[in-house]
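Colleague: Sequence lines, in order, name chains A and B.
The numbering of the first sequence is our numbering, which starts it at 292 and goes up by one.
The numbering of the second sequence is our numbering, which starts it at 15 and goes up by one.
You may find that some hints are simply not true.
As the list claims (entries may be wrong) - With a straight-line Cα cutoff of 30 Å, these simulated BS3-like cross-link-like pairs (lysine-lysine) come out: (1) B:K27 / B:K71; (2) B:K27 / A:K333; (3) A:K362 / A:K347; (4) A:K359 / A:K347; (5) A:K362 / A:K333; (6) B:K71 / A:K359; (7) A:K333 / B:K71; (8) A:K333 / A:K347; (9) B:K71 / A:K362.
No lab work stands behind these hints: they were computed from the structure.
Please read these numbers as outputs of a predicted model, since none were measured by experiment.
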Amino acid sequence: GESVGLHLPTLSVQEGDNSIINCAYSNSASDYFIWYKQESGKGPQFIIDIRSNMDKRQGQRVTVLLNKTVKHLSLQIAATQPGDSAVYFCAENTNDYKLSFGAGTTVTVRA
Amino acid sequence: KAGVTQTPRYLIKTRGQQVTLSCSPISGHRSVSWYQQTPGQGLQFLFEYFSETQRNKGNFPGRFSGRQFSNSRSEMNVSTLELGDSALYLCASRNLNEQFFGPGTRLTVL
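Turn these sequences into a full structure, and let the hints guide you.
Modeller: Okay, here's the thing in structure tokens:
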């Protein structure tokens, strides 16, 4: 499943499939980007980050891609599991120590 | 290592009242940031404190204020509460770039 384009608020994906969540950021001076996962009733949880001098970074079952030319960030989740159901936020960090968050994508995993 | 803790977890206030929320960062973290989360506006940055000094501030009215103590614990205060202040208030402590969020305080203004 994929949230195509700049941003879609919801994404439904079959268990076991790969998920792709897209995000557009606004500040070309941002030097650091983070993906967070937020489950109901909890605060955002760090998933993976990437610095602006990189275009790809891999973690456990997750990959973040950064395209600075079009100011686009994506999160790929491999073999999506029911526990991956949550709201996913991208965030950009400028040099002034604050994070600007995207609107969030709600991922629902179908059994 | 204990995570970020916030108290109280839930709070109900009426318009015109004031409220103080508390945040204890992860041990050793000196930076504490506050965010407001609402369904309409999403996650918005309020302010950040480092070594008891406000280092950055978001676009919120002066009714929103904060402070940080010498042990890095932080409080935020909202005076003259409005209905629109109902939100989840999140605190995050930071080590270098990675921010760790607490569970938040759910504030309801009636």
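Colleague: Would you mind marking each hint as holding or not holding in the structure?
Modeller: Verification of the hints:
At most 30 Å may separate the alpha-carbon atoms for a hinted pair to count; K27 (chain B) and K71 (chain B) meet this at roughly 25 Å. For the hint linking K27 (chain B) to K333 (chain A), the alpha-carbon distance of about 22 Å falls within 30 Å, and the restraint holds. For a cut-off of 30 Å, the pair hint linking K362 (chain A) to K347 (chain A) stands: about 14 Å separates their Cα positions. Of the supplied pair hints, the one linking K359 (chain A) and K347 (chain A) holds, its CA atoms being roughly 11 Å apart against a limit of 30 Å.
Using a Cα cut-off of 30 Å, the hinted pair K362 (chain A) and K333 (chain A) holds, with the two alpha carbons roughly 29 Å apart. Distance restraint check for K71 (chain B) and K359 (chain A): the Cα-Cα separation of roughly 26 Å lies within the 30 Å cut-off, and the hinted pair is therefore satisfied. Note on K333 (chain A) and K71 (chain B): the hinted pairing holds, with a Cα-Cα distance of about 24 Å set against a maximum of 30 Å. Taking the CA atoms of K333 (chain A) and K347 (chain A), the gap is about 28 Å. The hint holds against a cut of 30 Å.
With a C-alpha separation of about 24 Å, the suggested pair K71 (chain B) and K362 (chain A) falls inside the 30 Å cut-off, and the hint holds.
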